[in-house]
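Protein chains in written order, with the numbering used here: chain A, 1 to 113; chain B, 1 to 110.
The set of hints was computed from the structure by calculation and includes no laboratory data. Check the hints yourself; a few may be wrong.
Lysine-lysine pairs mimicking DSS-like chemistry, simulated, CA-CA at most 25 Å apart [to be verified]:
id, chain 1, residue 1, chain 2, residue 2
1, B, Lys1, A, Lys9
2, B, Lys68, A, Lys38
3, A, Lys22, A, Lys40
4, A, Lys101, B, Lys42
5, B, Lys68, B, Lys97
6, A, Lys18, A, Lys101
7, A, Lys19, B, Lys68
8, B, Lys68, A, Lys101
9, A, Lys40, B, Lys1
10, A, Lys38, B, Lys42
11, B, Lys97, A, Lys101
12, A, Lys41, B, Lys42
13, A, Lys18, A, Lys53
14, A, Lys53, B, Lys68
15, A, Lys41, A, Lys9
16, A, Lys22, A, Lys101
17, A, Lys22, A, Lys9
18, B, Lys97, B, Lys1
19, A, Lys41, A, Lys53
20, B, Lys1, A, Lys101
21, A, Lys9, B, Lys42
22, B, Lys68, A, Lys9
23, A, Lys19, A, Lys53
24, A, Lys22, A, Lys38
25, B, Lys97, A, Lys22
26, A, Lys38, A, Lys101
27, B, Lys97, A, Lys40
28, B, Lys1, A, Lys38
29, A, Lys19, A, Lys9
30, A, Lys40, B, Lys42
31, A, Lys9, A, Lys101
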Amino acid sequence: DTEVTQTPKHLVMGMTNKKSLKCEQHMGHRAMYWYKQKAKKPPELMFVYSYEKLSINESVPSRFSPECPNSSLLNLHLHALQPEDSALYLCASSPLGTNEKLFFGSGTQLSVL
Amino acid sequence: KQEVTQIPAALSVPEGENLVLNCSFTDSAIYNLQWFRQDPGKGLTSLLLIQSSQREQTSGRLNASLDKSSGRSTLYIAASQPGDSATYLCAVEGAQKLVFGQGTRLTINP
Numbered sequence: 001d002t003e004v005t006q007t008p009k010h011l012v013m014g015m016t017n018k019k020s021l022k023c024e025q026h027m028g029h030r031a032m033y034w035y036k037q038k039a040k041k042p043p044e045l046m047f048v049y050s051y052e053k054l055s056i057n058e059s060v061p062s063r064f065s066p067e068c069p070n071s072s073l074l075n076l077h078l079h080a081l082q083p084e085d086s087a088l089y090l091c092a093s094s095p096l097g098t099n100e101k102l103f104f105g106s107g108t109q110l111s112v113l
Numbered sequence: 001k002q003e004v005t006q007i008p009a010a011l012s013v014p015e016g017e018n019l020v021l022n023c024s025f026t027d028s029a030i031y032n033l034q035w036f037r038q039d040p041g042k043g044l045t046s047l048l049l050i051q052s053s054q055r056e057q058t059s060g061r062l063n064a065s066l067d068k069s070s071g072r073s074t075l076y077i078a079a080s081q082p083g084d085s086a087t088y089l090c091a092v093e094g095a096q097k098l099v100f101g102q103g104t105r106l107t108i109n110p
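Required output: the full structure, derived from the provided sequences and hints.
Spelled out as structure tokens, the structure:
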């Protein structure tokens, strides 16, 4: 299994809602990532987990809350988002170490109304 | 701060042509450079990874080169096909983790 699975594929939420994005991989990768991608822009790194511990937080607002319950799962909890947070949210995983390819999921297209 | 630039931003060619996509980066202290493909509204697929000690990598009709000293990489696509139409992004890995270029949107016309 060489897939990174993200759910849901599409999400529409109001600014007062609480929702969660989910990401799952069964490749034994111990590094997992959240990226945010606006239309026609490159992905921007949000968070990195190494061995289920948060290792990088790229100064992301607290309305985004990541969670890594185990080595296969990664969640992104959303609360009180703004319309400008509408974007494609991508999860990725890789073996730990340098010179390792990243495997991306298909993403969750999020619209905040 | 690492900056990655891709030229051109968009490219349209007839089917069957060989083509070259360009990527440049400002800081040569990198671990590797990766080329990704992204279809509209989808995730990224890693095509090739070139380690900083390597000069090129090949996979099928794709060949990527790396000149670390000049801060340049090229992705060569041979005998292009309509299915190659996508956005191609290069990304360099260094101390700042992966830094992506803006991408080249490639269209192959039948």
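Right, here's what the structure says about each hint:
Our distance criterion of 25 Å between C-alpha atoms is broken by Lys1 of chain B and Lys9 of chain A, whose separation comes to about 33 Å. A C-alpha spacing of about 29 Å is found between Lys68 of chain B and Lys38 of chain A, which places the hinted pair above 25 Å, so the restraint is violated. This hinted pair checks out: Lys22 of chain A and Lys40 of chain A have alpha carbons roughly 24 Å apart, not beyond 25 Å. For the proposed pair Lys101 of chain A and Lys42 of chain B, the alpha carbon gap of about 18 Å is at most 25 Å, so the pair holds.
At roughly 17 Å between alpha-carbon atoms, Lys68 of chain B and Lys97 of chain B fall within 25 Å of each other, so this suggested pair holds. The hinted pair formed by Lys18 of chain A and Lys101 of chain A fails the criterion: a straight-line CA distance of about 33 Å is larger than 25 Å. Proximity of Lys19 of chain A to Lys68 of chain B is assessed by CA-CA distance (about 43 Å); at most 25 Å being required, the pair is judged violated. Taken as a hint, the Lys68 of chain B and Lys101 of chain A pair is honoured in the structure, with Cα atoms around 19 Å apart against an allowance of 25 Å.
In summary, the hint linking Lys40 of chain A to Lys1 of chain B is supported, as the alpha carbons are separated by about 22 Å, within the 25 Å threshold. A distance of roughly 12 Å separates the Cα atoms of Lys38 of chain A and Lys42 of chain B; the hinted pair therefore holds under the 25 Å criterion. Pair hint Lys97 of chain B plus Lys101 of chain A holds up; C-alpha atoms about 12 Å apart against a cutoff of 25 Å. Restraint check for Lys41 of chain A and Lys42 of chain B: satisfied, since their Cα atoms lie roughly 13 Å apart, inside the 25 Å limit.
As the CA atoms of Lys18 of chain A and Lys53 of chain A are separated by approximately 23 Å, the hinted pair is consistent with the 25 Å bound. Between the alpha carbons of Lys53 of chain A and Lys68 of chain B the distance comes to roughly 33 Å, so the proposed pair goes past 25 Å and is violated. Restraint check for Lys41 of chain A and Lys9 of chain A: the C-alpha separation of about 19 Å stays at or below 25 Å, so the hint holds. Taking the CA atoms of Lys22 of chain A and Lys101 of chain A, the gap is near 21 Å; set against the 25 Å cutoff, the hint holds.
Of the supplied pair hints, the one linking Lys22 of chain A and Lys9 of chain A holds, its CA atoms being roughly 10 Å apart against a limit of 25 Å. A C-alpha spacing of about 12 Å is found between Lys97 of chain B and Lys1 of chain B, which places the hinted pair at or below 25 Å, so the restraint holds. For the suggested pair Lys41 of chain A and Lys53 of chain A, the alpha carbons sit about 28 Å apart, so the restraint of at most 25 Å is broken. Restraint check for Lys1 of chain B and Lys101 of chain A: the C-alpha separation of about 22 Å stays at or below 25 Å, so the hint holds.
For the given pair, Lys9 of chain A sits about 10 Å from Lys42 of chain B by alpha-carbon distance, which is consistent with the 25 Å threshold. At roughly 38 Å between alpha-carbon atoms, Lys68 of chain B and Lys9 of chain A are farther apart than 25 Å, so this suggested pair is violated. At most 25 Å may separate the alpha-carbon atoms for a hinted pair to count; Lys19 of chain A and Lys53 of chain A meet this at roughly 22 Å. With a C-alpha separation of about 19 Å, the suggested pair Lys22 of chain A and Lys38 of chain A falls inside the 25 Å cut-off, and the hint holds.
Between Lys97 of chain B and Lys22 of chain A the alpha-carbon distance is near 23 Å, which keeps this suggested pair within the 25 Å criterion. At roughly 22 Å between alpha-carbon atoms, Lys38 of chain A and Lys101 of chain A fall within 25 Å of each other, so this suggested pair holds. Taken as a hint, the Lys97 of chain B and Lys40 of chain A pair is honoured in the structure, with Cα atoms around 21 Å apart against an allowance of 25 Å. The straight-line distance between the Cα atoms of Lys1 of chain B and Lys38 of chain A is roughly 21 Å, inside the 25 Å bound, and the hint therefore holds.
Between Lys19 of chain A and Lys9 of chain A the alpha-carbon distance is near 13 Å, which keeps this suggested pair within the 25 Å criterion. At most 25 Å may separate the alpha-carbon atoms for a hinted pair to count; Lys40 of chain A and Lys42 of chain B meet this at roughly 12 Å. Taking the CA atoms of Lys9 of chain A and Lys101 of chain A, the gap is near 23 Å; set against the 25 Å cutoff, the hint holds.
Checked against the numbered hints listed earlier, the structure breaks hints 1, 2, 6, 7, 14, 19, 22; every other hint is satisfied.
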